[in-house]
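Starting from the given sequences, assemble the full structure and let the hints guide the process.
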Amino acid sequence: MLNDFINQFWPATIDGLAFGSIYALIALGYTMVYGVLRLINFAHSEVFMIGTFGAMFVPFVFGISSPLTGIALAGVILLMVVAGMLASAGTAVALERIAYRPLRKRGASRLAALISAIGASIFLQELFALLVIPNVFNRPQQGRIQMGLPRLMERTELFSIFGHSVRVDQVLVIVAAVGMMIALDALVNRTKIGRGIRATAQDPEAAVLMGVDINKIVRMTFLIGGGMAGVAGALYLISYENTYYYIGFLFGIKAFTAAVLGGIGNLRGALVGGVVLGLVENYGAIFAGSDWKHVISFSILVLVLMFRPTGILGESLQQARA
Amino acid sequence: MNQKNSVEGFRHRFSQYGDAVHERWLNTPGWQRWIVYVVLIVAALLLPSESIGSFMSPYTDWASILFFPIGTYVVLAIGLNVVVGQAGLLDLGFVAFYAVGGYAMALLGTRLGWNFWLILVVGIGLCALSGITLGAPTLRLRGDYLAIVTLGFGEIIRITARNTDAIGGPNGVRGIPHPPSLPDIELFGVQIFKYGVLDPRPYYYLLVALAVIVIVLVKRWEKSRVGRAWAAIREDEDAAEVMGVPTFRFKMLAFAIGASIGGAMGVLWAAKAISINPNDFQFLLSATILAAVVMGGAGNLPGVILGAFVVAWLPERFRGLQDYRMLIFGAVLVALMIFRPEGLLPSRQRKAELQEGSGGMGTLGAEVPGPESQGEEVASR
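Top to bottom, those sequences are chains Z and V. So the first sequence is numbered by full-length UniProt numbering: it starts at 1 and just counts up by one. So the second sequence is numbered by full-length UniProt numbering: it starts at 1 and just counts up by one.
Some hints here could point you the wrong way.
One side only, chain Z facing chain V, incomplete, derived with CB under 7 Å [claimed, not checked]: (1) 112; (2) 119; (3) 122; (4) 153; (5) 154; (6) 306; (7) 307.
Here are the simulated distance ranges between beta carbons [as the list claims (entries may be wrong)]: (8) Z:5 x V:323: 53 to 63 Å; (9) V:335 x Z:142: 24 to 34 Å; (10) V:323 x Z:155: 31 to 41 Å.
If you want the footprint, here are the derived chain Z segments under chain V, 3+ residues with CB under 8 Å [said to hold, decoys possible]: (11) 104-110; (12) 123-136; (13) 246-257; (14) 293-303.
Read the hints as simulated data drawn from the structure, not as lab findings. Even for Gly, the Cβ is constructed at its ideal location relative to N, Cα and C.
Take a look at the structure:
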């Protein structure tokens with residue numbers, strides 16, 4: 001048992017960090033929307049799913065079937081990230097406009113918003129399984145089958161830790177995720193939009209009185225959160241090379257767990273929560289077997305909520321100044 | 001703008017009509033109500049007839065549809081309504097209790113060879129216990145956290161069942177016994193107590209009996225001190241606590257009752273199904289039952305039953321649309337929340353609560369109305 005753990009410690013760490021970065025990027029969407037609207041955007045999982053397909057569209061259009069190198073590779077990856085961001089951010093903004101704003105206008109209960117989100121989530125999943133995947137990706141009758149991405153980059157070893165190799169794609173995921181986090185942190189802390197978001201999170205009525213256009217802020221929140229989920233989708237696709245219409249469900253719950261773990265509403269908390277969840281889940285899988293990975297992360301969620309419901313770094317968008 | 005007004009006007013008239021019917025019902029003397037009850041039960045018993053079936057479900061066997069999904073959804077929705085509609089606790093993992101009941105029937109029936117009726121009792125107890133086990137640590141959480149924890153719990157149960165080979169793993173359990181039959185009793189050409197493979201009607205009658213018992217019990221609870229405590233908790237938990245309502249204990253009770261109803265349905269369903277596997281207990285089922293409750297009008301029993309019926313029946317009726325039914329279902333949920341968030345047949349109390357934003361989980365943040373909405377909304381808050 002202990003031998004297993006020592007042998008697999010480094011691979012599990014690297015895998016955990018890569019998965020954790022993806023959880024963290026998705027968690028940002030949950031945390032930002034929760035911070036501003038006090039709403040669990042249940043359909044955010046589908047925003048991520050659409051991000052993976054948005055990214056998938058780029059190699060599909062170019063008809064790429066063999067690994068690329070050099071500038072071509074960098075260009076395609078960049079395009080995939082941008083396409084993922086556009087698809088996800090567009091979906092998130094449309095969701096806000098269609099499913100949430102009418103409810104918000106009427107001051108409806110959060111229960112209603114949650115049901116609306118569940119409905120939107122089912123709708124988007126089915127939309128992809130029935131129409132988008134068969135028609136856009138030209139896979140008739142295969143809408144519910146996992147869709148693979150042709151290998152884009154050779155999985156060369158970049159460096160090794162204690163004899164365990166670290167691959168390029170894993171490093172790419174982690175570095176890109178951290179980069180996005182830093183950019184987002186700057187956006188929220190230093191720009192006018194960011195100030196508006198923080199003000200709205202703190203006290204919506206006062207923010208309105210101070211001249212904050214609350215509809216714009218809410219839209220921006222969904223846009224940014226959706227964009228982050230799109231990046232996560234593109235990175236996941238590049239690294240794990242497959243996606244399907246239902247992929248959002250597990251990632252959505254895991255990312256929400258990450259958000260709660262770090263302290264929901266807290267942006268830096270999302271990063272911490274994502275990484276901690278990714279690591280714990282992978283370490284736990286060494287002992288219990290990878291079948292139990294999901295049970296481990298759900299159990300963590302339950303335990304965190306029981307013993308420290310405000311998360312590791314504490315809640316609220318404004319407190320942690322991030 | 002004009003069109004919007006006419007929609008508003010229609011909604012207003014529609015609810016006025018509903019109110020009038022409700023008023024009338026409240027003033028009806030007891031014996032007349034009993035007649036209505038008896039008529040409803042007889043109608044439910046006559047439902048599986050061919051002539052209705054040819055219209056209601058041209059694509060599948062109507063009597064089977066009546067047992068699952070329609071009847072099953074109705075009972076599950078009544079159970080979930082206790083938790084969501086009456087106590088205002090959002091449970092996204094209700095399917096877990098249904099699964100516990102189903103597995104109790106499957107395992108006790110195949111491994112120990114127990115009798116259906118015995119397992120029904122034990123299964124209900126087991127589910128109440130698992131409701132309390134889940135509730136004890138989690139019911140102190142805020143509304144939306146509770147939702148996610150219950151969602152996680154539902155998934156834990158399902159994945160655990162899938163990963164544990166001792167209870168069949170991903171293949172589930174096969175050869176679940178049927179309830180003991182009494183083939184001699186025949187009414188109108190139906191052997192009403194013959195629980196075999198071919199005729200779904202005896203199971204349906206059993207389900208109607210279960211539903212009636214559950215409805216009577218739930219209705220009694222609603223009118224009692226317990227029901228008033230639930231309403232108080234739903235509207236304002238802090239105020240309820242201050243007024244001396246032991247909120248935690250009543251929330252546990254709601255959880256345990258809801259779980260028992262879900263479990264009883266699980267036992268009954270497994271007794272007909274012959275084989276079950278973990279994939280029968282997906283999150284989508286929890287979401288669908290919740291949608292049924294909210295769609296019908298959370299907290300109002302006739303509404304919830306109607307909602308469950310619609311949610312279960314529509315996809316079966318329109319099997320011609322094949323896969324598109326779930327797509328439409330999702331869109332309908334969103335549209336319903338926009339145009340009629342209080343559900344099809346809301347109770348008046350719940351409607352008022354929803355309008356002022358309380359009731360369940362409180363309002364959205366950032367709900368400050370924009371400049372284009374009327375000022376009175378602000379004033380009323």
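The hints, checked one at a time:
Hint status for residue 112 (chain Z): holds, given a least beta-carbon distance of 4 Å to chain V, under 7 Å. Because the beta carbon of residue 119 (chain Z) sits about 3 Å from the nearest beta carbon in chain V, less than 7 Å, this interface hint is met. Hint on residue 122 (chain Z) holds. Least Cβ distance to chain V is approximately 3 Å, under the 7 Å limit. Below 7 Å, beta-carbon pairs count as interface contacts, and residue 153 (chain Z) has none with chain V, the closest being about 33 Å; its hint is therefore violated.
Interface restraint check for residue 154 (chain Z): the shortest CB-CB distance to chain V comes to about 35 Å, outside 7 Å, so the restraint is violated. Evaluation of the residue 306 (chain Z) hint against chain V yields a held restraint, the C-beta minimum of about 5 Å falling below 7 Å. The restraint placing residue 307 (chain Z) at the interface with chain V is violated, with a minimum CB-CB distance near 9 Å, outside the 7 Å limit. Restraint check, residue 5 (chain Z) to residue 323 (chain V): a C-beta distance of roughly 45 Å breaks the suggested window 53 to 63 Å.
Our hint of 24 to 34 Å for residue 335 (chain V) and residue 142 (chain Z) holds, since their Cβ atoms are close to 30 Å apart. Distance hint check: the CB atoms of residue 323 (chain V) and residue 155 (chain Z) are about 37 Å apart, consistent with the given range 31 to 41 Å. Closer than 8 Å: that is the beta-carbon criterion, and the stretch 104-110 of chain Z has 7 residues meeting it against chain V, so the requirement of 3 holds. Note: the stretch 123-136 of chain Z has 7 residues with beta-carbon separation from chain V under 8 Å; the three-residue rule is met and the coverage holds.
Coverage of the stretch 246-257 of chain Z by chain V holds in this model, with 4 residues showing a Cβ closer than 8 Å to a Cβ of that chain against a need of three. For the stretch 293-303 of chain Z, the proposed coverage by chain V is satisfied: 6 residues have a C-beta within less than 8 Å of a C-beta in that chain, meeting the threshold of three.
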